[in-house]
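Visitor: Take a look at the letters that make up each chain.
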Amino acid sequence: MKQFKLLTLLFLTLVLTYSCSEDDSPTLPLGDYEKGYFITNEGPFQNGTGTISHVDETGNVTQSIFKAVNHEDLGSVVQSMTVHGDFAYIVVNNSHKVEVANRYTMKNVATIEGADIKNPRYFVVVGNTGYVSNWGEALDATDDYIAVVDLTTNTVTKKIPVGEGPEDLLVDGNKIYVNLQGGWSQNNKVEVIDTGSNTVVSTLEVGDIPNTIVKDASGAIWVLCGGKSSYSGAETNGKLAKIINNEVSFFDFGATDHPNNLTLDADKLYYSLNGKVYTMSTTATELPTAEVSGLDGFYYSVKAHDGKLYTTNAGDFKSEGSLKIFDLSDNSLKETIITGLIPGSVVFQ
Amino acid sequence: MKYTIVFFFIGAISFAQTDSIHLLDEVKLYGNFSPQINSGYQVQIFNDSVVNTKQQSLGNLLQSQANLYFKQNGNGMVSSISLRGSGASHTGVYWNGMAINSSLNGQTDFNTFSANGYNQIEIRKGGGGILFGSGAIGGVINLRDQIIFEDKLQTQINLGLASYTTQKGLIGSQYSTQKIYAKIVVEGNRSTNDYPYLGTDLHNENGDYENYHLKGVFAYKINDNNQIQLFATAANNDRNLSRTLTAPNNSKLKNTDSRLMLHWKNFGQAYNSSLKLAYLNEEYHFYFNKESSDYSFGKSSNYMLKYDFKYFIKNSLSLHTGLVNKYSTANGSNLLDKYRNDFEVYLLLHQKPIDQLQYNVSVRKGFSSIYEIPLIYAADIKYQWSSKFDIKANFSTNYRLPTYNDLFWNPGGNPDLLAETSTSGELGLGYHHKKMTINLTSYTIKSKNLIQWRPKTPSYWTPVNVQNVENYGLEFEVKFKQRFKKHAFEIQSKYAYTIAKDKALDKQLIYVPTHKANASLNYRYRNFTVNFTELYNGKVFTTTSNTQIVSAYWLSNLEIYKSFLKQQLTIGLMANNIWNTAYQSIAYRPMPNRNFEFNINYKF
Numbered sequence: 006m007k008q009f010k011l012l013t014l015l016f017l018t019l020v021l022t023y024s025c026s027e028d029d030s031p032t033l034p035l036g037d038y039e040k041g042y043f044i045t046n047e048g049p050f051q052n053g054t055g056t057i058s059h060v061d062e063t064g065n066v067t068q069s070i071f072k073a074v075n076h077e078d079l080g081s082v083v084q085s086m087t088v089h090g091d092f093a094y095i096v097v098n099n100s101h102k103v104e105v106a107n108r109y110t111m112k113n114v115a116t117i118e119g120a121d122i123k124n125p126r127y128f129v130v131v132g133n134t135g136y137v138s139n140w141g142e143a144l145d146a147t148d149d150y151i152a153v154v155d156l157t158t159n160t161v162t163k164k165i166p167v168g169e170g171p172e173d174l175l176v177d178g179n180k181i182y183v184n185l186q187g188g189w190s191q192n193n194k195v196e197v198i199d200t201g202s203n204t205v206v207s208t209l210e211v212g213d214i215p216n217t218i219v220k221d222a223s224g225a226i227w228v229l230c231g232g233k234s235s236y237s238g239a240e241t242n243g244k245l246a247k248i249i250n251n252e253v254s255f256f257d258f259g260a261t262d263h264p265n266n267l268t269l270d271a272d273k274l275y276y277s278l279n280g281k282v283y284t285m286s287t288t289a290t291e292l293p294t295a296e297v298s299g300l301d302g303f304y305y306s307v308k309a310h311d312g313k314l315y316t317t318n319a320g321d322f323k324s325e326g327s328l329k330i331f332d333l334s335d336n337s338l339k340e341t342i343i344t345g346l347i348p349g350s351v352v353f354q
Numbered sequence: 091m092k093y094t095i096v097f098f099f100i101g102a103i104s105f106a107q108t109d110s111i112h113l114l115d116e117v118k119l120y121g122n123f124s125p126q127i128n129s130g131y132q133v134q135i136f137n138d139s140v141v142n143t144k145q146q147s148l149g150n151l152l153q154s155q156a157n158l159y160f161k162q163n164g165n166g167m168v169s170s171i172s173l174r175g176s177g178a179s180h181t182g183v184y185w186n187g188m189a190i191n192s193s194l195n196g197q198t199d200f201n202t203f204s205a206n207g208y209n210q211i212e213i214r215k216g217g218g219g220i221l222f223g224s225g226a227i228g229g230v231i232n233l234r235d236q237i238i239f240e241d242k243l244q245t246q247i248n249l250g251l252a253s254y255t256t257q258k259g260l261i262g263s264q265y266s267t268q269k270i271y272a273k274i275v276v277e278g279n280r281s282t283n284d285y286p287y288l289g290t291d292l293h294n295e296n297g298d299y300e301n302y303h304l305k306g307v308f309a310y311k312i313n314d315n316n317q318i319q320l321f322a323t324a325a326n327n328d329r330n331l332s333r334t335l336t337a338p339n340n341s342k343l344k345n346t347d348s349r350l351m352l353h354w355k356n357f358g359q360a361y362n363s364s365l366k367l368a369y370l371n372e373e374y375h376f377y378f379n380k381e382s383s384d385y386s387f388g389k390s391s392n393y394m395l396k397y398d399f400k401y402f403i404k405n406s407l408s409l410h411t412g413l414v415n416k417y418s419t420a421n422g423s424n425l426l427d428k429y430r431n432d433f434e435v436y437l438l439l440h441q442k443p444i445d446q447l448q449y450n451v452s453v454r455k456g457f458s459s460i461y462e463i464p465l466i467y468a469a470d471i472k473y474q475w476s477s478k479f480d481i482k483a484n485f486s487t488n489y490r491l492p493t494y495n496d497l498f499w500n501p502g503g504n505p506d507l508l509a510e511t512s513t514s515g516e517l518g519l520g521y522h523h524k525k526m527t528i529n530l531t532s533y534t535i536k537s538k539n540l541i542q543w544r545p546k547t548p549s550y551w552t553p554v555n556v557q558n559v560e561n562y563g564l565e566f567e568v569k570f571k572q573r574f575k576k577h578a579f580e581i582q583s584k585y586a587y588t589i590a591k592d593k594a595l596d597k598q599l600i601y602v603p604t605h606k607a608n609a610s611l612n613y614r615y616r617n618f619t620v621n622f623t624e625l626y627n628g629k630v631f632t633t634t635s636n637t638q639i640v641s642a643y644w645l646s647n648l649e650i651y652k653s654f655l656k657q658q659l660t661i662g663l664m665a666n667n668i669w670n671t672a673y674q675s676i677a678y679r680p681m682p683n684r685n686f687e688f689n690i691n692y693k694f
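Protein chains in written order, with my numbering: chain A, 6 to 354; chain B, 91 to 694.
None of these hints come from the bench; they were simulated from the model. Owing to the predicted nature of the structure, the values given are computational and were not obtained by experimental measurement. A virtual CB, placed ideally from N, CA and C, is assigned to each residue, including glycine. Watch out, some of these pointers could steer you wrong.
What follows is a list of derived Cβ distance ranges for each label pair [stated by the list, open to error]:
#1 F50/A x K538/B: 25 to 33 Å
#2 D328/B x P293/A: 49 to 57 Å
#3 F622/B x F50/A: 36 to 44 Å
#4 D311/A x D328/B: 53 to 61 Å
#5 F50/A x Q257/B: 28 to 36 Å
#6 S298/A x I589/B: 42 to 50 Å
#7 L288/B x T341/A: 38 to 46 Å
#8 V114/A x L288/B: 27 to 35 Å
Take the sequences, apply the hints, and build the full model.
Guide: This is the structure we're talking about:
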């Protein structure tokens, strides 16, 4: 009897729920690309176009979705893509523009371009304002900047001058951390921008060539610095910088070690070094000495997400690359997906 | 096998008799391109009438006349050749017999060469490492100044005006007597080159170019047996590098090349000796931003000595030997300061045992200060089946030495690279009758250890001897001449079927068209000449997985010339790409739309 009551309740609930949603407008899918994730493919450096691949929740891949929807090439060297609100902001480095598309349909709604977008790299959003790191003219060490974009009009309203080679950006409340990787040269700083005044409020010295930046749950900011390569003539070791309240502490790598691709999954940091992937806890006091076995590879990009590690490989750079997905619970390879040319990043919604 | 050939040479020498010998004019003229010592090869010669009717780059001339394939980074931009599906550094380019491919990258940019002012352009397809050294894998191309001691004083002025504010000017003078010869040619070309990209709102931004060429040829006939020749050229190419369909460009490339060569020819009754001393200098400056004064550069200086000696044991038997010494230095923004010294020797035996049959066997070995130069050998044969039919066949091993960029680029250069090696074979059938010529050639090339820049890590690339490639193909050529009273027709057509496969991937190499063809119709009536050329370039793959392509295209060009004043003055009108076809040579780099040229050539 009790069981019957329960069943009736369940039945009623279902009917009610059902009719409720029927009364409302039915939840139509927002677009073909509502679910799943994206891969940005740089494309050949000069003679071609970058593309976006989409992988749906069942693992089906669709290549070149921007072109399929808009019948136009995305442009030369797709550097990065940021999904925010209803929009995807696609940074096209060598075409000097940011394409704005509906994130669900990929329909192109605006293009941020002109003299104020020059060699753009990464894009972040705070409120209704976008921030784009720009290298400026090649070989000019003093014209690098963060372009401030009004997202209602998709126009640049201000340029915040920064040091040479602004790369990866990280939003922390009303602050933006800018990795100064060095662009065509080398640099060793992180600059902090206050989004209220849109000015640089502090400059922190980190290791040489800061390449990636993440924030952990405790609020600590981690900056992985590759160090100068042996062929730079003045090799320096890689460093992992931990920033708490603008205080920087360091974990030093070996003299000839040049790590990159820092990424965070829950309380675990992952990075790649010499064709291997390493992990360390955000509370660790020392760098790991042994790699994570099973994850080896010279990856073009590495991203941890939801207990999985997404690693891209550009192959010979003249044909399709691949994405390998590892389950981080047992470090086993779950899936290999063919991407476009030179897959530079995996972007989650 | 190697030893057998060496013994064969020794045997041939010891059994030789010296009977009366008459040195063939042909041999004097052609040097290492002589049809005699290349009897089993296809040697094609373009004469003055083809080379100098209008001003054009060497690349454009060879593409339209010889059915050769070029990859062009847009009109007037960097252009490299792929002969028989081989790489850009696998075609040797020679200037009066001296190798002039860049020591930095092993290639020749065919848009920095002017075809004008040379009397002949010789194309010899197939492996030619023995006579021509490193890089003669797909074939070789020679630019020749022909020196004839005759009483002559002639000046040529050629002016051209063309679409996209293109201006061309050339002035050349030749003065010769029975004893001396002097020729000076000055040429300049410039263009805004801002043609529209068909089907888009874009045009060829930042594509303007300007180039100047100066050349001089001087010769003195000491006596019937001795000649001294001096060749000099200087060229300055200043190009902005054009945009692509997806990206603007603001960079600029300047190339400066100068070459000087002294040649002593000595003929005896039974021998022919040639000593060449040359100095070749190449230099480039690349401005990533043309408005900035920052640039990167590379340069190389090459000192070369080449000695060839031909000894005629009898009319039907001759021995050819030579040595080449090349000392070169290079440096640059991304190059370590290095030198290298290469020394190579070769030996070739030519025999014509019966009138219908001639053959060559040959061997070459080199030594170098920095790498090992392989021993190579070759044999070729021509059999005249009947007055109309002939059969040609050849077999050769060849090599290409690593370049300065491959060895010493910083970062990435690999000083441990080996020479690339290849083996080629070819069989050709020819039919020649009064009005008709047909040639059919099939070939195969197997290349090993080809040098490729590969990523060691995503950010560190280094060249490695990694690629094995197999090429094979067919070449077909037909020529037909007819004359009705004062109307003369010449029709010719060439077709090339080319397979070039990466052995590891089992895929066609990128930028090698499987099908390429051309056809031309030449009609002359009194002082009128009409040339119509049709080109077909088959699709090419742009990814090593063969998933993306540049589409095939057809291109039609029309030229009309009229001569006045007993052929002294010729006026030409040309229309290129007459059907206004949108086409690309390299992906995302559109080529010009329909365009016109007006040309005046005056000789007095």
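Visitor: Now tell me if each hint is right for this structure.
Guide: Structure-based check of each hint:
no.	hint	verdict
1	F50/A x K538/B: 25 to 33 Å	holds, 29 Å
2	D328/B x P293/A: 49 to 57 Å	holds, 55 Å
3	F622/B x F50/A: 36 to 44 Å	holds, 39 Å
4	D311/A x D328/B: 53 to 61 Å	holds, 55 Å
5	F50/A x Q257/B: 28 to 36 Å	holds, 33 Å
6	S298/A x I589/B: 42 to 50 Å	holds, 43 Å
7	L288/B x T341/A: 38 to 46 Å	holds, 40 Å
8	V114/A x L288/B: 27 to 35 Å	holds, 28 Å
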